[in-house]
Amino acid sequence: MKKFFLGAFMALLVCCCTASVLADDQVNTLAITNFSNSGSVPKLEGTATDAVTADIVKIHNFQVFDRKHLQSVMDEQKLGQTGLIDATTASKIGQLLGVKYIMVGSVSGNIAHTPGHYSTSWDSTSGSSYWVDDSYQSNVDLTVSIIETNTGKVAFSTHAKGDSPDRNVENALAYAVYDACRAVYTAFPIRGYVIKIDGNKCYLDVGQNFNITKGDRFIVTHTGEGFVNPVTGKVLSQKKNVAVLEAKEVYDEMCIAATVKDSAVKDATNVLTVGDTVTRMLRDKPSTFLIFGSSEHVY
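With positions in the sequence shown counted from 1, the corresponding number in my numbering is that position plus 12.
Do not rely on the hints blindly, as some may be mistaken.
Claimed, not checked - Subject to a maximum C-alpha distance of 25 Å in a straight line, what follows is the list of computed SDA-like cross-link-like pairs (lysine to any residue): (1) Lys-208 to Lys-226; (2) Lys-70 to Glu-265; (3) Lys-70 to Asp-146; (4) Lys-55 to Asn-122; (5) Lys-273 to Asn-183; (6) Lys-251 to Asn-212; (7) Lys-273 to Ile-231; (8) Lys-104 to Val-69; (9) Lys-165 to Lys-273; (10) Lys-104 to Gln-75; (11) Lys-173 to Lys-297; (12) Lys-165 to Ser-118; (13) Lys-251 to Lys-297; (14) Lys-226 to Arg-295; (15) Lys-260 to Asn-223; (16) Lys-104 to Glu-88; (17) Lys-251 to Ile-268.
The hints are simulated quantities; they were obtained by calculation from the structure and are not laboratory data.
Just so you know, these numbers come straight off a predicted model, no measurement behind them.
Sequences and hints are given; from them, build the entire structure.
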């Protein structure tokens with residue numbers, strides 16, 4: 013069984029962000045552990061943990077757990093005394109802490125060096141071979157997994173790579189962190205509800221507190237009448253994406269959106285229903301170069 017180091021649970025940043033709104037009214041609470049390092053770049057695991065945590069807090073789709081409370085609970089329960097904890101123990105810790113998910117991860121960084129040398133190619137202009145200066149290439153592999161505490165099963169996992177044509181491994185890490193966190197958002201997006209409809213205006217219960225800005229787009233999902241599977245007893249619901257909305261006015265706890273111009277829906281009152289679920293779409297990647305820790309990491 014896969015093991016996770018106890019030390020992973022000691023490195024949570026003290027932070028708390030606005031939680032994602034879920035269709036089942038449950039809060040997405042998350043504890044982020046200190047990642048392991050299997051590469052040749054020392055201390056990269058701490059940098060990776062801090063960077064992922066900062067971006068997850070920025071996304072606002074999880075309520076990130078406070079590490080001081082985590083430390084207190086673990087000391088009180090005397091959990092993980094062997095220094096290693098498996099997925100079952102991680103699940104138990106998560107349940108004791110009251111968090112729905114635990115994030116674990118690993119990072120591997122490498123800086124490749126190509127010494128200066130004479131090129132084997134012939135320079136037709138000078139009539140001789142030419143000197144090539146030293147070069148470096150930084151590469152990072154990042155794996156992030158999210159464990160569901162009530163089952164101990166991995167609910168989500170992603171692998172991302174980053175590279176930089178120099179010795180700045182943090183730039184390479186920035187790319188990997190950004191791609192990994194975008195994948196996390198895709199799996200755990202910000203969701204809310206349609207709470208009022210007035211012509212083409214739709215009032216949604218998500219606003220600035222949920223990282224909503226003017227121009228954000230939402231997919232509206234309507235849940236139709238459900239029925240019970242006679243074999244398994246499971247309730248099956250009929251869900252259908254019915255429209256795309258764009259935020260026009262944004263307030264602290266709500267926003268007013270309208271159907272997009274190219275949408276087939278012209279009048280929201282004819283298609284949308286109060287109680288429909290809205291999912292904020294992932295924002296486009298910026299075209300500019302990503303600088304580590306910059307505001308370029310948009311979600």
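Hint-by-hint comparison with the structure:
Among the hinted pairs, Lys-208 with Lys-226 is consistent with the structure: their alpha-carbon atoms are about 18 Å apart, no more than 25 Å. A C-alpha spacing of about 17 Å is found between Lys-70 and Glu-265, which places the hinted pair at or below 25 Å, so the restraint holds. Between the alpha carbons of Lys-70 and Asp-146 the distance comes to roughly 38 Å, so the proposed pair goes past 25 Å and is violated. A hinted pair counts as satisfied when its Cα atoms are at most 25 Å apart, and Lys-55 with Asn-122 qualifies at roughly 12 Å.
Between Lys-273 and Asn-183, the direct Cα distance comes to roughly 39 Å. Violation of the 25 Å bound is thereby established for this hinted pair. As the CA atoms of Lys-251 and Asn-212 are separated by approximately 22 Å, the hinted pair is consistent with the 25 Å bound. Between Lys-273 and Ile-231 the alpha-carbon distance is near 14 Å, which keeps this suggested pair within the 25 Å criterion. Distance check on the hinted pair: Lys-104 and Val-69 sit about 24 Å apart at the alpha-carbon level, within 25 Å; holds.
Under the criterion of a C-alpha separation no larger than 25 Å, the hint pairing Lys-165 with Lys-273 is inconsistent with the structure, at around 42 Å. Distance hint between Lys-104 and Gln-75 is fulfilled; the C-alpha atoms sit about 19 Å from each other, no more than 25 Å. Straight-line distance between C-alpha atoms of Lys-173 and Lys-297 comes to about 16 Å, which keeps the hinted pair within the 25 Å bound. Our distance criterion of 25 Å between C-alpha atoms is met by Lys-165 and Ser-118, whose separation comes to about 18 Å.
Distance hint between Lys-251 and Lys-297 is unfulfilled; the C-alpha atoms sit about 29 Å from each other, more than 25 Å. Taking the CA atoms of Lys-226 and Arg-295, the gap is near 12 Å; set against the 25 Å cutoff, the hint holds. A hinted pair counts as satisfied when its Cα atoms are at most 25 Å apart, and Lys-260 with Asn-223 qualifies at roughly 14 Å. For the hint pairing Lys-104 with Glu-88, the CA-to-CA distance comes to about 14 Å; that is within 25 Å, so the pair holds.
The suggested pairing of Lys-251 with Ile-268 holds, with an alpha-carbon distance near 23 Å, which does not exceed 25 Å.
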